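Going line by line, the protein sequences match chains A and B.
Going by the numbering used here, the residue at position 96 of the first sequence is 96; the numbering climbs one at a time, nothing skipped.
Going by the numbering used here, the residue at position 75 of the second sequence is 75; the numbering climbs one at a time, nothing skipped.
Treat the hints with caution; some may be incorrect.
Unchecked claim - Covered, in the sense of this in silico footprint (three residues per stretch, anywhere, with C-beta under 8 Å from a C-beta of chain B), are these stretches of chain A: (1) 9–16; (2) 53–62; (3) 100–106.
Bear in mind the hints are in silico, worked out from the structure with no lab data behind them.
For clarity, every value in this text was computed on a predicted model and none was experimentally measured.
In this text, a Cβ means the ideal position worked out from N, Cα and C, and glycines have one as well.
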Amino acid sequence: MKVLLVDDERKFATMLAKRLLLRGIDIDYVYTGAEAIIKAETQRYDVAILDVKMPGIGGIELERKLKELDPCLKTIFLTGHGSKTDFEAGSAEAACYLAKPIQIDELLTILREVAG
Amino acid sequence: MDSTIDFKNDDDLAFFGKVNASISHELKNILAIISEAAGLLQDLTEMAAKGQKIELEMLNTCSQDIIEEIQRGFTTIKQMNTFSHSVDAPLKSVNLIEVLDLMINLVGFLSFAGKVRFDPPQDEAAMIMTCPFRLQNLVYHTLVFAFKSVGADGEIQVAFHREPNGSARIAFSGLGTKGDLPFPSQETKNIAKSIGAEIRIADDSQTIDILVTQLGENSGYTQRHN
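So here's chain B without its partners, still in its complex pose (with noise of 0.2 Å):
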């Protein structure tokens, strides 16, 4: 039995390729600062050096700036490190919540990215027998879509709710006009069918339910996907 997904698809390849884009770019961000701030200490360090005067609040700051953009970048690590072992195990009961949190953050990374409301239920197991990368590739094109239908000055809302039959529900509400790409596209399509997903558009077009089944041994996900 294979323990890894085998990258085949070329979907799969591309989401996986665009997040640690998105990943890098948001290091090198943090890393920039940092080194402003490095700089900028170097520089007050110089003046202090001829006999300057410097403001003891601007040494305050850049090292406070220093410690938020390091705490920062454990973060953005961390969340690398998930998304980059949730290709080990093709088929995992997988917390609902901990995905659409990671995805979150990682779509919030795009420059086109605005706000997102994310009040998940505190006293509900959200674990479901899924694909996990699969899993995230659906909920990330769906972000990715509902934040560019809002606009950068948007809010969208997400909630999960648990469905009778043990399926999850992953609702996406306040959705815009501003989006020009069709939703579902037919690579979205055909994840959500890869992982017994289906997605339902609301008649006015702001909420997108995506409902997740949960996959049995018998999904052809305990050996490969395609």
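One chain only, chain A, in its complex shape (with noise of 0.2 Å):
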């Protein structure tokens, strides 16, 4: 499996990737939806993770940009407001979303399912 991380809050994507690596887990990480574009455009993932609210390019709109490569790609959106307008906001086709604080157990439970 192969995980696209985006997050503009370095130090927090810096340490998730380090604790899904140390899980086995194969995994870029980025902080801002641009260079996430440039890493796609080049490498195949199985699933995106991505922050619902960045400067810039969004979550939600780099999903959309994200699939326009890859239309196979599987979403989890990650917020940091947990509230039901992030929820709402995002597409039908989003696999899932986690409120920030994450889980990591939970994380790698619902990568697996996303991942099939």
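Assembly of the complex is requested from the two constituent chains, each provided in isolation within its own frame, with the hints serving as guidance.
As structure tokens, then:
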């Protein structure tokens, strides 16, 4: 399973990626939507973990752009709010939403379910 | 005499809610980082217990990140506290530089906020008698528009000038054309009017000046806003 993590909170993205790496997940991480698109143009990912609120290209818009590159890509959204508004903001195709702070075991379970 | 603002105005309440929501988002981000750092420390501890080699540098980075994020949390809570207490007195002598600094920080929590250059005068008193909460509301709305006008990668400049008549001029410059909202909105105009402030937009639309006048005891603010 190849995973792409995108979050503008650099420390969060770095540490979450390291924790997933320690659990055997093959993961790349970037801090902006623009960087994510560049990555996805040259590398195929099974699942993208996207922060909803980011400067520039937000998670919802990024999902649309990434799916143009790879319609098979599955998505997990991360939100800071965990509010109803945030959850409703995503597309119907979104695999699921997780509110921060993340429970690593929950994320792992969802990753495996989503990737099939 | 009322000692607090009577929140009968929907715009006031909406502003208060909006700012608190963005602060809560910031605090959640901070806690998320601390949570990941603590989780990573736990992972490393378990690895060490199993006799696996761990990098000391990673331990150092985790603990340093936790210290930094706790400090960031304290700063955010202090800003929240200052903002919350701005409703305590309807009319008060406030330091305009502190108001601008606070609003720049609070708007900075929004995802579309770009960079801001604010060089306050060091040797000038910036005290002005006004309604602190409404002034914050006006500055916040203007900053939101300014950031949207330049986009997340842009930079705006904020400056403060004392006018000869005792009023203060806050200049927002370097604005762009990306914003799709008309400025000032009727809501913003109402806020400005309520504290006797004037909004001036330069012909090239790249600068917005807000003239803040001193409010007196007969301004109606010693009793209530509306």
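Going down the list of hints, with the structure as the test:
1. Counting residues of the region 9–16 of chain A whose C-beta lies closer than 8 Å to any C-beta of chain B gives 5; at least three are required, and the coverage claim holds.
2. Counting residues of the region 53–62 of chain A whose CB falls under 8 Å from any CB of chain B gives 5; the rule of at least 3 is met.
3. Using a Cβ-Cβ cut-off of 8 Å, 4 residues of the region 100–106 of chain A lie near chain B, which meets the minimum of three, so the contact claim holds.
Comparing the model with each numbered hint stated earlier shows that all of them hold.
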